[in-house]
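K.L.:
Sequence:
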Amino acid sequence: MEPNELMMPSTRILDKAAGVLAGLVMVLISMALLVKVAVVVGGSGGQWTGAIGDPADSMQYLAWIREGAFHFLASDRFVVEQTPRDFFSPALLASSALFRLGVPIAWSFALWVPVALGLLMWAAWRLTAAVIPSTPGRLAAWAGGILYAFPATEIVIHTPQIYDRLGPSGRLANALVPSDAWLPGLLWGYPLGVVAVAILCAGVLVGGRAIRDGLPRPLLLCLVTFGCSLMQPWQGATLLGTLGLTWLIWRRRGSLSVSALQCAWVAAAGVIPLVYYALLGTLDAAWIWNGEQANLYFHFSWLIILFFIPLVIVALPGWFRPLSDPVDLAVRIWPLIAGTQLAVILLTGLGNSASHAARGATIPLAILAVQGFRNQRSGLTRYATGLLVAAMLVAGIYSTQSLIRSGVGRVKTDPGAGYVMSRSQVRIIDYLRENREPGAVMAPQIFSALIAAHSDRNVWLGHYTWTEDYLSRASAAGWFYSPGQEPDARRAYLAVLSKVRFVVAPCEPAGLVQPRVLVKQLKTVTVSVKWLGCDAVLTIRPGL
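Each residue of the sequence shown is one higher than the last, beginning at 1 in my numbering.
If you're looking for bench data, these hints aren't it; they were derived computationally from the structure. All values reported here derive from a predicted model rather than from experimental measurement. Be aware that one or more of the hints could be misleading.
Think about it this way: if two alpha-carbon atoms lie no more than 27 Å apart in a straight line, the pair counts; the simulated BS3-like pairs of lysine-lysine are [unchecked claim]: (1) K530 x K520; (2) K499 x K530; (3) K499 x K520; (4) K499 x K523; (5) K36 x K523.
With the hints as extra help, turn the sequences into a complete structure.
P.N.:
Structure below.
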C-alpha cells in the first residue's frame with residue numbers, strides 16, 4: 001500500500017491544514033505590497049501609478065504595455081531618441097490587449113500577480129508530488145521551496161570584512177541581489193519572472209516524464225521550452241541545460257526511449273527565443289546599454305550564494321540517493337545548471353543580471369533536502385539536521401519579516417515615491433499625452449518614469465538601466481532642478497540636453513526649484529509655457 005493510504009484521517013486533516021496554512025502564508029506575503037498600495041492610494045486622494053514593486057521597473061513594464069497596445073512591438077521609452085520597436089513579449093501583449101479593451105493600464109499589469117502566484121503554487125506542487133511519495137514530505141518540500149528565506153543581506157551588513165569592501169554599487173547590490181531568489185518578493189514587481197519559474201517547474205516535470213516514456217506529446221514539451229525561454233531567458237537556459245544533461249545521463253544508463261532527433265526539436269524550440277534575446281543584446285543599442293548598466297550592480301551577484309548556503313547544506317544528502325526516474329534526476333541537475341549559468345555570466349560577461357539565473361532554485365533544493373532527510377538512517381544525523389532546519393526556520397522568519405518591512409515600507413503617499421500620482425502630476429501627464437507636438441520630455445526622477453509609462457512619450461531620464469548613462473543623467477537632473485542655480489548656467493546646461501522638447505517644472509515634491517523661477521530663467525530658450533495650476537510645462541526652442 002502507498003504511504004498515503006495508511007494515514008489516519010486525523011493525520012490527513014492535519015496535512016491538509018498545514019498545506020492550506022503554507023499556501024495562505026505565501027498569498028499574504030505576496031499580496032502584502034499590493035494591499036499597502038491600495039491603502040496608501042485610497043487614503044491619499046491621488047491616483048495609483050501602477051507601481052507594484054520598484055516604481056522605475058514597474059513603469060518600464062507599463063511603457064512596454066502601452067507600446068504593445070498601439071504598436072505591437074515595444075521600444076525603450078527611457079531615452080530621448082526613438083529606439084527600434086523590436087521587443088516581443090506575449091505576456092505583456094496580453095496586458096496590452098486588456099488595456100485596449102478598457103482595463104486601466106496599471107491593472108493590466110498588476111493582474112499578473114495573482115496569475116503568477118497561482119501558477120507557481122500549482123507547478124511547484126505538481127513537481128514535488130512527482131518525486132516525494134508521502135504527503136507530509138510533499139508539503140514540507142513545497143512550502144520550503146516557495147517560502148525559503150535567509151537574512152544574507154543583514155549578515156553582509158554586519159560583516160565589516162565584506163561590507164566595507166563592496167563600495168556604493170556593491171552595497172546597493174547587497175540590498176537587492178540576495179532577495180532576487182526569494183519567490184514571494186519576486187511578485188512585488190516581477191510577476192513574469194515568477195511565471196517563468198512556474199513554467200520551469202512544469203518543464204522539468206514534463207521533460208523528465210518524456211525522457212522516461214518516449215516523448216508521447218512532443219508539441220507540449222516544445223511549447224514549454226519555447227515559452228520558458230521567451231518569458232525569461234535565464235530560466236529557459238536552465239530548463240534546456242537540465243533536460244539536456246538528464247537525457248545524456250539517462251542515455252548512458254541504457255533506459256532511453258527518446259531519440260536524438262526528438263531532443264533536437266525540443267532544444268530548437270527553446271533556443272530560438274534565446275537567439276532572439278542574444279540578437280537584441282548585440283544589435284539594439286538600448287539593450288546593449290541596459291545590459292552594461294545592469295552589470296554595474298549584478299556584478300555582485302555572487303552575494304546570492306550566501307542566500308542559498310543553508311539550503312544547499314541540508315540538500316546535499318538528497319543528491320546521493322539512488323535514482324528513481326528522469327524527473328528525480330532532473331530535480332538534482334536543475335540547481336547545478338542554475339549555479340553554472342550564474343558563474344558563466346559573472347566570469348565571462350556573457351549576458352547580464354547573473355543572479356536572475358538562481359530564481360526558482362529553492363524549489364529543487366527543498367525537494368532534495370526533504371528526500372535526504374527521509375533517507376537518513378542515523379538518529380544522530382537526523383537530530384543534527386533537524387536542529388539545522390529549526391535554525392533555518394528561525395532565520396527565515398526573521399528574514400521574511402525584514403524583507404516585508406523594507407519592501408512595504410517604501411510605499412508612501414509622497415509623489416516623489418512613485419506609487420501615488422497627485423492631481424497636478426495627473427494634469428501634466430494628461431497634457432503631454434494629448435499634446436500632438438512630438439518630442440521628448442525632461443522631468444525630475446521618479447516623475448520622469450511616470451511620464452514615460454503614462455504619456456506615450458520618450459524621456460531624458462527615467463530608469464536605472466534603460467536610460468543611457470543613467471548615473472550621470474540622474475546627477476545632472478538633480479543639479480538642474482535644485483534651487484539656487486544661476487540662470488546662465490541653467491540655460492547652458494539645457495543646451496546640453498539635446499533634442500529635449502519639453503521641460504516639466506512641477507510644484508512638488510518639495511526641494512525642487514520653483515516653477516516660476518525656472519520659467520523666468522529659461523525664458524530666452526522657451527517657445528511657450530503651459531501653466532497647469534502651479535505647475536508649468538515649457539516647450540523648448542529646437543536647435544539649441
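K.L.:
Please go over all the hints and tell whether each is borne out by the structure.
P.N.:
A quick look at each hint next to the structure:
1. Distance hint between K530 and K520 is fulfilled; the C-alpha atoms sit about 13 Å from each other, no more than 27 Å.
2. Between the alpha carbons of K499 and K530 the distance comes to roughly 19 Å, so the proposed pair stays at or under 27 Å and holds.
3. A distance of roughly 21 Å separates the Cα atoms of K499 and K520; the hinted pair therefore holds under the 27 Å criterion.
4. Distance check on the hinted pair: K499 and K523 sit about 18 Å apart at the alpha-carbon level, within 27 Å; holds.
5. Restraint check for K36 and K523: not satisfied, since their Cα atoms lie roughly 43 Å apart, outside the 27 Å limit.
When held up to the earlier numbered hints, the structure conflicts with hint 5 and nothing else.
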